[in-house]
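*Asks:* Turn these sequences into a full structure, and let the hints guide you.
If you're matching them up, the sequences are chains C and W in order.
Note that our numbering has the first sequence beginning at 138, numbered continuously upward.
Note that our numbering has the second sequence beginning at 14, numbered continuously upward.
Hint data in this document are derived by calculation from the structure and do not stem from the laboratory.
Using N, Cα and C, we set each Cβ at its ideal position, and we do this for glycine too.
Warning: the hint list may mix true and false statements.
Said to hold, decoys possible - Restricting the straight-line Cα-Cα distance to at most 30 angstroms, the calculated cross-link-like pairs of lysine-lysine (DSS-like) are:
| id | chain 1 | residue 1 | chain 2 | residue 2 |
| --- | --- | --- | --- | --- |
| 1 | W | Lys43 | W | Lys88 |
| 2 | W | Lys88 | C | Lys422 |
| 3 | C | Lys463 | W | Lys88 |
| 4 | W | Lys64 | W | Lys181 |
Claimed, not checked - Non-contacting residues of chain C with respect to chain W, defined by C-beta distances greater than 10 angstroms in every case (computed):
| id | residue |
| --- | --- |
| 5 | Arg201 |
| 6 | Arg344 |
| 7 | His376 |
| 8 | Asp453 |
| 9 | Ser513 |
What follows is the residue order along each chain.
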Amino acid sequence: MEAFGGVPIRKVLIAALTGLATAYLCGGCSGAPSALSACAADRAAAAQQLNAISRAEQAAIARRIPVYRDPALECRIGSVLEKLLTPINGRPHAFRIILLSDPFPDAYSFPDGGIYLHTGLLACLENEAELALLLAHEVIHVIREHALLAYQQSAAETGLETVSEDAGGGLSLAARWNAPMAAARWMHQRRALEEEADRMGLDLVMRAHYDPHVALKIFDDVKHDGLAVLSAERLAALHTFLAARTQTVSRQTAPPGSFRSDLQSLLLHQAQSDARLGRWHNALKLARRYVRDFPDQAQGHYWIAEILRQRQAPGDLQQALAYYLKAIGLNPRCAKSHKAAGLLHLRQGRFDLAGVYFRSAMALSPDPGDAAYLVSYLASLPITRKGDN
Amino acid sequence: MRSRIWLCLMVAVLFVACAHAGGKQALSFKVAIPEGWKQVDTDEPMLFITKDGGYKQFVLIRERPLSEPFHFSQKVMHAGTMPEEAAEVIVNELLSDTNIRNFSLLENVPARIDGRRGFRLSFIYTDADGFLFKTLYLGFIEGNTFYNIRFAATQEEIYQKDLVTFEKVVQSFNLVTAKAP
Numbered sequence: 138m139e140a141f142g143g144v145p146i147r148k149v150l151i152a153a154l155t156g157l158a159t160a161y162l163c164g165g166c167s168g169a170p171s172a173l174s175a176c177a178a179d180r181a182a183a184a185q186q187l188n189a190i191s192r193a194e195q196a197a198i199a200r201r202i203p204v205y206r207d208p209a210l211e212c213r214i215g216s217v218l219e220k221l222l223t224p225i226n227g228r229p230h231a232f233r234i235i236l237l238s239d240p241f242p243d244a245y246s247f248p249d250g251g252i253y254l255h256t257g258l259l260a261c262l263e264n265e266a267e268l269a270l271l272l273a274h275e276v277i278h279v280i281r282e283h284a285l286l287a288y289q290q291s292a293a294e295t296g297l298e299t300v301s302e303d304a305g306g307g308l309s310l311a312a313r314w315n316a317p318m319a320a321a322r323w324m325h326q327r328r329a330l331e332e333e334a335d336r337m338g339l340d341l342v343m344r345a346h347y348d349p350h351v352a353l354k355i356f357d358d359v360k361h362d363g364l365a366v367l368s369a370e371r372l373a374a375l376h377t378f379l380a381a382r383t384q385t386v387s388r389q390t391a392p393p394g395s396f397r398s399d400l401q402s403l404l405l406h407q408a409q410s411d412a413r414l415g416r417w418h419n420a421l422k423l424a425r426r427y428v429r430d431f432p433d434q435a436q437g438h439y440w441i442a443e444i445l446r447q448r449q450a451p452g453d454l455q456q457a458l459a460y461y462l463k464a465i466g467l468n469p470r471c472a473k474s475h476k477a478a479g480l481l482h483l484r485q486g487r488f489d490l491a492g493v494y495f496r497s498a499m500a501l502s503p504d505p506g507d508a509a510y511l512v513s514y515l516a517s518l519p520i521t522r523k524g525d526n
Numbered sequence: 014m015r016s017r018i019w020l021c022l023m024v025a026v027l028f029v030a031c032a033h034a035g036g037k038q039a040l041s042f043k044v045a046i047p048e049g050w051k052q053v054d055t056d057e058p059m060l061f062i063t064k065d066g067g068y069k070q071f072v073l074i075r076e077r078p079l080s081e082p083f084h085f086s087q088k089v090m091h092a093g094t095m096p097e098e099a100a101e102v103i104v105n106e107l108l109s110d111t112n113i114r115n116f117s118l119l120e121n122v123p124a125r126i127d128g129r130r131g132f133r134l135s136f137i138y139t140d141a142d143g144f145l146f147k148t149l150y151l152g153f154i155e156g157n158t159f160y161n162i163r164f165a166a167t168q169e170e171i172y173q174k175d176l177v178t179f180e181k182v183v184q185s186f187n188l189v190t191a192k193a194p
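*Replies:* Structural data, given as structure tokens:
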């Protein structure tokens, strides 16, 4: 994912959201009243610049990544966010959720309250408590103004002057990120901010009456290419933090089943996206999870078959045929399953069976494109030619 | 706009340079270039022709080895890949292309190209500069090579006007050398 002259947008976002300038800010703010007012003015100017950058970056995201629309899921996420925000006094930020159709498991937020969730991350979630922790983490980033802290810190580190209030602002922020910085110090500061979001986010989750132990399973569920997205050390720190809490832990407010229903469309959307990119393992995992949660839905079986057919590893086509037949068993009126089963028979030289499925697909009023291919397949079958003669 | 002028200049320079270099791999197909259309030379194994410029309309004919994975989806075709499966690979690639937005598939049907079984796709999309393209894309596999013939235009009236010309180009298309398997 690239933006702004080849600078990875993810880096820019990370730069906007992470890094700690506590020492810088505290040091600068302590002292005489005149120094305090100067500091406030600096802060206001930095906030203004950051807002301009934030707007430009969100516009860039809107141009590059398609929004994922799913009213039921959006409603669920909105209600979870509302539960998290209820205990917070006063609402300086107008939070809004944007779902992006991106297979990379990621989430990030902007200072104006925009929280972006990738479908690749949502598809990993198993329950509402995990979603709550994910949102709470981003809410803390916004409320605690982590982006502003990071921005001021990077300005202090690089000595760069103000940025203009246009799309070019992103480049300046990227320049800040790319400027030389003491790596160890940067990592330490970034980690401190993330840990604050972890701890305070978990607090929010508990105050909204979600089970934090269930929520923490997100770190088992969300893995990218088999790798954990959170270090074992950070996860252990969270468990320690949780163990030290005396607050009684409440149960989840929604049964897992209803949350899973809200993810129904997203799971297949994501499985298809992964399959398009040749990420077979993830695609199959999601399609199989769909079948686990909705075993009577033909499309889950159909999509497992489709992924196996496209992957074509040894034994895949045989397995794919079994899934197509299962899909036909659950929904005999799906023309695409009949056509696909026919194609697999055709590929394996079983022309008579291929003909049976092609003809049944034709009888099911396929769309014009499928119908045209079916006619060509039927015309190519040896048995059909014999019949014609 | 300035970047586009530079692009045109670079293409012109490339055209002149290639005209004298003579080191380009010979194409394994022939087509009749319509009157009034200009060929833009490239180092790639492709033919690129346009009448009014690439941002008005173009015809691009390309041959690519089956072993070469597609850039975004990393998928490959095989000698036994059926036309519908090949079309699926192309659609996947277009959907995964980060420079393409608002992709919409209008048609996906079987087709015959130079007597060979292939497919025909019709789709629209917006490119990174915001130009809306309507495209007709024909493809087929011969030996270990995937051939594709595409026609794209940025305005519907240009598309409709030059579609007949494109069909004549397709009719004139023929393979002159069979690629070694």
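*Asks:* If a hint holds in the structure, say so; if it does not, say that too.
*Replies:* For each hint, the structure was consulted:
1. Using a Cα cut-off of 30 angstroms, the hinted pair W:Lys43 and W:Lys88 holds, with the two alpha carbons roughly 28 angstroms apart.
2. For the given pair, W:Lys88 sits about 19 angstroms from C:Lys422 by alpha-carbon distance, which is consistent with the 30 angstroms threshold.
3. A hinted pair counts as satisfied when its Cα atoms are at most 30 angstroms apart, and C:Lys463 with W:Lys88 qualifies at roughly 27 angstroms.
4. Only pairs whose Cα atoms come within 30 angstroms are accepted, and W:Lys64 paired with W:Lys181 is accepted, the gap being roughly 15 angstroms.
5. For C:Arg201, the condition that its CB be more than 10 angstroms from all CB atoms of chain W is violated, with the nearest at approximately 7 angstroms.
6. Remark: the non-interface label on C:Arg344 is consistent with the geometry, its nearest Cβ contact in chain W lying 40 angstroms away (cut-off 10 angstroms).
7. Distance check for C:His376 against chain W: the nearest CB is about 38 angstroms away, which clears 10 angstroms, and the non-interface claim stands.
8. In this structure C:Asp453 is separated from chain W by more than 10 angstroms, as the shortest Cβ-Cβ distance comes to about 14 angstroms.
9. Distance to chain W contradicts C:Ser513 as a non-interface residue, since its nearest Cβ pair spans about 4 angstroms, not more than 10 angstroms.
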